[in-house]
Amino acid sequence: MRAEPYVVLRTSGLTKLYPVGGSRRLVALSGVDIDLAEGETLALVGESGSGKSTFARCALRLVEPSDGDVLINGRSIRSLGALGLAELYGEVQMVFQDPNASLNPRMTVRQVVHEPLRLHLRMPFAKREKRAIELMEMVGLTPAHLDRYPHELSGGQRQRVGIARALAAEPNIVILDEPTASLDVSVRGQMLELLKRLQAELKLAYLFISHDLQVVRHMADRVAVMYLGGIVESGRTEDVFARPLHPYTRALLSAAPVARWGVKRQRLRLAGEIPSPIDPPDACRLVGRCPMQQPACTTRRPPLIDAGGGHAVACPVVLA
Amino acid sequence: MSSPLLEIEGLSGSFRSPNGALTPVLHDVSFAVPRGTVTAIVGETGSGKSLTALSILGIQPPTFQRSAGRILFDGRDLLTLKPEEMRGIRGRRISIVFQDARAALNPVFTVGRQLADVHRLHHGGSASRAMKRTIEALRAVSIPEPERRARQYPHEFSGGMAQRAMIALAALVCEPELLILDEPTTGLDVTIQAAIMELIGDLVRERGLTACLITHDLGVVAETCDRVVVMNAGRVVETGTTEAIFTRPRQDYTRRLLAASQLGETPEMIEA
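Chain order of the listed sequences is A and B.
With UniProt numbering applied, the first sequence covers 1 to 320.
With UniProt numbering applied, the second sequence covers 1 to 272.
It should be emphasised that the hints constitute simulated quantities derived from the structure, not laboratory data.
Ideal placement from N, C-alpha and C gives every residue a C-beta, glycine not left out.
Please note that the accuracy of each hint is not assured.
Label-pair restraints from in silico Cβ distances [to be verified]:
(1) A:85 with B:250: 50 to 58 angstroms
(2) B:109 with A:266: 36 to 44 angstroms
(3) B:62 with A:298: 50 to 58 angstroms
Using the sequences and the accompanying hints, generate a full structural model.
Right, here's the structure in full:
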C-alpha cells in the first residue's frame with residue numbers, strides 16, 4: 001500500500017466573479033477544486049472562455065480570487081501580503097503562453113534569468129552568473145545566449161528562456177499556460193521533451209494548461225476538462241481519453257483533428273456556441289447545447305460525481 | 001482529364017530590405033491545383049506558404065520581388081495581367097478567406113452591408129436583391145437568424161461566426177472558381193474548427209468549387225483535402241495525394257513533420 005501522494009497545490013471552491021455593471025456579474029470561475037500531487041502533471045483543458053487561464057492566475061493570486069482558498073505546499077496563500085507572496089513565488093512559478101509578450105524586450109537574457117536569483121535567492125553576482133550558465137545548459141541553450149535580447153532569439157529559444165526564468169528560483173510547482181501554443185509543431189515536440197526531462201530531473205509538479213488535446217495526452221498524468229468556468233470531468237489521462245463520459249468532453253475529443261490517414265471520427269455535435277458567462281442560470285452548464293439533455297438538467301447544476309477509479313463527471317445522465 | 005485550374009511554375013523571389021539587400025524567400029515553387037479538388041499547402045512558419053497564396057491574387061507585400069516564374073490560372077499567366085484585368089479576376093474568379101475574420105471585416109459597416117456591397121459589385125442588381133442574396137448566403141453557412149445577424153457589426157460576431165460570414169462572402173457571394181483559405185481555423189477552438197472545416201468540405205462538394213487550403217495543421221489536412229503540397233523554407237518539398245503523403249511520405253522533411261504532428265501516437269490510441 002502506497003502512502004497518499006503529497007499534495008503540493010490544492011484549490012477549494014476557487015471562484016472569480018467580475019462585476020459588469022449594475023448587479024450583473026460575469027462568472028469566470030466557479031468553485032473549482034483541484035489537487036496537484038508532487039511530481040505529477042495535471043492538465044487543465046478547455047476552449048476559450050472556459051476559465052483555465054483565470055484559474056492559473058487566481059491560483060497564484062496574480063488575479064485576486066473572489067472566493068475559495070489555495071494551499072501551496074500545505075500553506076494557505078489567501079491572506080499572504082506582498083512579502084509573503086514574494087516568498088511564495090520561490091515555490092511556484094509560471095511559464096506564460098507568449099514568450100514575446102512575457103519577456104521584457106529591453107532586458108538581455110542574462111538580466112531576465114538573474115532577476116529571480118537576485119530577488120528570491122539573494123545570490124551575489126558571481127554565484128548568479130554560475131547558476132545562469134547552468135540554467136542555460138539545462139534548457140538547451142548556451143552561455144552565449146545570455147548576452148542576447150529576446151528579439152534576437154527564435155520563438156522556441158524564447159520559450160526556453162521563459163522556462164529558465166521559471167526554474168531559476170528552484171520551485172517545486174510550475175504552472176505552464178499554453179507553453180507550446182505559439183510554436184511550430186517541430187519545435188513543439190522538442191519543448192515537450194525538454195519539459196518532461198526537467199520534470200524528471202527536478203521532481204517538478206506541473207499544472208499544464210492547454211487547449212491542444214494531443215499535447216495533453218502526451219504530457220499529463222491526469223486531466224481536468226473545463227467548460228464555462230467549472231470542471232465537468234476529471235480523471236487519469238488514459239481513462240478520460242479512452243472513456244470520455246461528459247457530453248462536452250465527448251464533443252471536444254471527437255472534434256480534435258488527427259494527423260493520420262483514414263481515421264474515421266464519431267463526432268458528437270453540440271448545438272450552438274458557448275453561452276454568455278454573465279449571470280448563468282442554476283442549471284447544467286451545457287443546457288441548450290447537449291444532445292442528451294433531460295428536464296432535470298435545467299433545475300440545478302450537477303456536481304462532480306465519482307465514476308470510479310478517480311474518474312469524476314458532472315453529469316448524472318451519462319451515469320444513469 | 002482537363003488541365004489544372006491553377007498551375008504555379010518555378011515561382012522564385014526575394015524580400016527587398018530598405019538598404020536594397022535581397023533575401024531569397026521562394027525558390028522555384030511549382031505545383032498544380034486540379035479542378036474540383038481541395039489542395040492543401042502545408043508548412044511551418046517561414047515556409048513561404050502564405051506568400052505563395054498571396055502572390056496568386058497579386059496581393060503580396062510590396063517588398064516582395066519576383067525573379068522568375070508563372071502563375072497560370074485557367075491557362076492564363078496572372079503575372080502578365082494589367083491591374084484592371086487582375087481586378088476582374090480578384091474576388092470574382094479567385095477569392096480568399098483570411099485567418100482572422102473579425103480583422104478582415106470592416107468594423108464600421110454591418111456584416112450584411114459588406115456582403116451585399118460585394119454582391120452588387122460582382123453581380124450588379126438592386127440593393128434589396130443583393131441583401132436578399134446575402135441573407136441566403138449567411139443561412140447557407142448555418143448562421144442562425146441570418147436576417148438579424150446581417151444587421152449586426154463584426155464585433156457582435158464570435159470568431160467562429162465571423163469566419164462563417166467570411167466564407168459566405170468568399171465562396172457564395174463572390175461565386176469564385178478558386179477559393180483560397182489562408183489558415184481559416186487557426187485561433188478557433190477545436191469544436192468550432194471542426195464545424196468550419198465541415199462547412200468548407202460541403203461547399204466544395206456541393207458547388208464544385210476548387211479550393212486551396214493554406215495550413216500548418218496536418219490534422220485538418222488528413223480529413224478534408226484531396227492533395228497536399230508540403231513546403232519548407234521557400235521550397236516545395238513534396239506533393240502528392242493526401243493518402244500518399246500520409247502513408248508513404250518520400251521526403252525526410254515530410255516524415256519529420258508527420259511525426260511531430262502525431263506526437264508519437266499509435267493508431268490504436270486514436271481508435272480507442
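Verification of the hints:
Roughly 56 angstroms separates the CB atoms of residue 85 of chain A and residue 250 of chain B, a value that falls within the hinted 50 to 58 angstroms. Taking 36 to 44 angstroms as the suggested C-beta distance range, the pair residue 109 of chain B and residue 266 of chain A conforms, at roughly 41 angstroms. Here the CB-CB span from residue 62 of chain B to residue 298 of chain A is close to 57 angstroms, well matched to the stated 50 to 58 angstroms.
When each numbered hint is compared with the structure, no violation occurs for any of them.
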